[in-house]
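For this one, chain A is given, so just place chain B with the ligands on it according to the hints.
Sequences listed follow chains A and B, in order. Residue 61 in this note's numbering is what sits at position 60 of the first sequence, and the numbering runs on without skipping anything. Residue 122 in this note's numbering is what sits at position 19 of the second sequence, and the numbering runs on without skipping anything.
Since the hints were made in silico from the structure, they are not lab data. Glycine is no exception: its CB is placed at the ideal position from the N, C-alpha and C atoms. Be careful, since some hints might not be right.
[To be verified] Mimicking DSS-like on lysine-lysine, the simulated pairs with C-alpha atoms at most 27 Å apart in a straight line are:
id : chain 1 : residue 1 : chain 2 : residue 2
1  : B       : K309      : A       : K204
2  : A       : K21       : B       : K321
3  : B       : K309      : A       : K21
4  : A       : K190      : B       : K309
5  : A       : K190      : B       : K321
6  : A       : K204      : B       : K321
[Claimed, not checked] Label pairs and their computed distance ranges (CB to CB):
id : chain 1 : residue 1 : chain 2 : residue 2 : range
7  : A       : E306      : B       : R175      : 50 to 60 Å
8  : B       : Q227      : A       : G74       : 53 to 63 Å
9  : A       : R27       : B       : V159      : 53 to 63 Å
10 : B       : D276      : A       : I283      : 38 to 48 Å
11 : B       : W225      : A       : R149      : 32 to 42 Å
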Amino acid sequence: MSDATPLMTVKGLTKHFPIKGGMLGRTVSRVHAVDGISFDVLRDETLGVVGESGCGKSTTARLLMHLIAPDAGEIIFDGRRVGSRDMTMASYRSQVQMVFQDSYSSLNPRLTIQDSVAFGPQVHGVRRRDALQRTHDLLDRVGLDPARFAARYPHELSGGQLQRVNIARALAVRPRLIILDEAVSALDKSVEAQVLNLLADLKKEFGLAYVFISHDLNVVRYISDRVLVMYLGRVAELGRAEDVYAAPQHPYSAALLSSMPTGDPDRRVEKAALQGDPPNPIDLPGGCRFHTRCPLVGTMCRGTEPELARIARDHDVACHARIPGSGHRPESKERAA
Amino acid sequence: MRAVMRLNPEDRSKMGGRIVAGGQDVTRMSRRRLNRFRGAEAAMIFQEPLLALDPVYTIGMQIVETIRVHERISRADAWARALDLFERVQIPSPERRLNAYPHELSGGMRQRAMIALALACWPQLLLADEPTTALDASVQIQVLLLLRQLQRDLGLSIIFVTHDIGAAVEVADRIAVMYAGRIVEEASARDLINTPRHPYTIGLLKSRTHDAMVKEHKLDTIPGAPPDLANLPEGCAFAPRCYLAQDACRRGVPDLQQLEGGRTVRCRRIDRTAPELRSAAAQ
Ligand SMILES: Nc1ncnc2c1ncn2[C@@H]1O[C@H](COP(=O)(O)OP(=O)(O)OP(=O)(O)O)[C@@H](O)[C@H]1O
Ligand SMILES: [Mg+2]
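This is chain A alone, in the form it adopts within the complex (with noise of 0.2 Å):
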């Protein structure tokens, strides 16, 4: 296998929540909270994903970590489609770990950290002794002394010691690939620049490929290569982080980066690029599911949905005024006309 082939590629991945009501429990409309997405993460690479709350960051984690099934769409793993002979989900779940923004629950409160970390390699059949050696050196690696954290239990632990817990014990069966889903938002600014320091030399040293998923459009500038906008569902914008930060294409990148605040007093934000709340999953607006927000707006947007095509070399995106030839016309010209 070339090293040119993508660590994983994401195919038409979907899921619907279905939202029950009445007396009889039955489903009366169904939430599209991942709705046929698709993208490749490259082997030693860092996948930004951003997009407003409730676009589907988190689930697309959770279908990707399998702790969800999908309705529909697949995953290729190193080549292997994930669940077939060649790749089997145990294979696939020491391959592929997650980090949660909540640091204390994802820990057992009545493991010592010591077990907490152990108890992967042990489940994958690494016997106890070696597990607690490996457990030692990943401690010493995050920066938490063995001598001092090893038999210590969670709540004896601060948010950014429990993170890099968290980290460790994501390290322990030696993964590939770590989904890190809000991973450094619960933490103290002065921490977590500590954390992302930490993340970048862990990626080095190990090779490991990260998809981080982060509302802080700052920090995934910061730690991305490449940079995945979604909205609604959808994948709106794919591609590298210098040039969506620099030149977004989609409309929708282009606003939610301008609401960043600049951090300068001299420049402030005059004007929001967006108004209102981005509307909800389960009345998905028909045509582009962006329209009803978008300055770009033309009569095609309301009746098809963009597919995400290549306008650039690595830079995707899903807006029909984007695609040269897709016929668009915004209205505000077609009004002028």
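Okay, now just chain B with the ligands, sitting in the frame of chain A:
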């Protein structure tokens, strides 16, 4: 923040010092005077609007009741003011939304409704405790811009508490940096961002992912973790993490020092944090 409103239970919290608002010491107010102070002179908004809003009444009713507790005014006039407030906080279809219950509104709209409720008696001071922290970037900026506009239109003073320096810069004229329960530096937003003088502020600004655009470039970090408030070190609380700390720093809390431009810093080593010195050291 809670101390300013005297929300902490009297028998459990010890309050020292003075809090002066509009020439009156809040720590010495009688209960009746205090009730008037809360709401009519100072009001508060929170990170989680559902804490401020009563789930069983419509938002309109809550605003009307709040106004009528503080003022002799007819129900109709109070309702008219509620409508005016909903327009000011830019809630679409304000009439319909006044009749909505809190859970029927989206997150951003609830935040606006809570701001309208806080403004019901035209307070002079608005205390905002992380009001945009739980919001998406696109909604956060709308609320920040709204607060900026209300501050101008109504001549409000706003105390905006946040852990997000970026959000603070968007709304604040002046910024006070707190560490372990004490203000360690206070300056205009511009001075604070451009020439921070307290080592903690300097570290915080340097660790921002904002400036670290170069790939493979490590973030500058502050070592260690914030102290346990119940167990503060003697002396300067930041000393154990400070790159400039000396023995003297570990003895007694440093005094606030006045600097030019009306800024203050609580640090013994400011002779070493002047901008010229720092840029020379960085070379
Ligand atoms: N188990 C579930 N049952 C029903 N609906 C669900 C379930 N899990 C998620 N949803 C809905 O699916 C949508 C996507 O949720 P998800 O948690 O993936 O969003 P997110 O992008 O991670 O948001 P946030 O930024 O707030 O974490 C939301 O509307 C959510 O309410
Ligand atoms: Mg989530």
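Against the structure, test the hints numbered earlier, and report the numbers of the ones violated in rising order. 2, 3, 9 and 11
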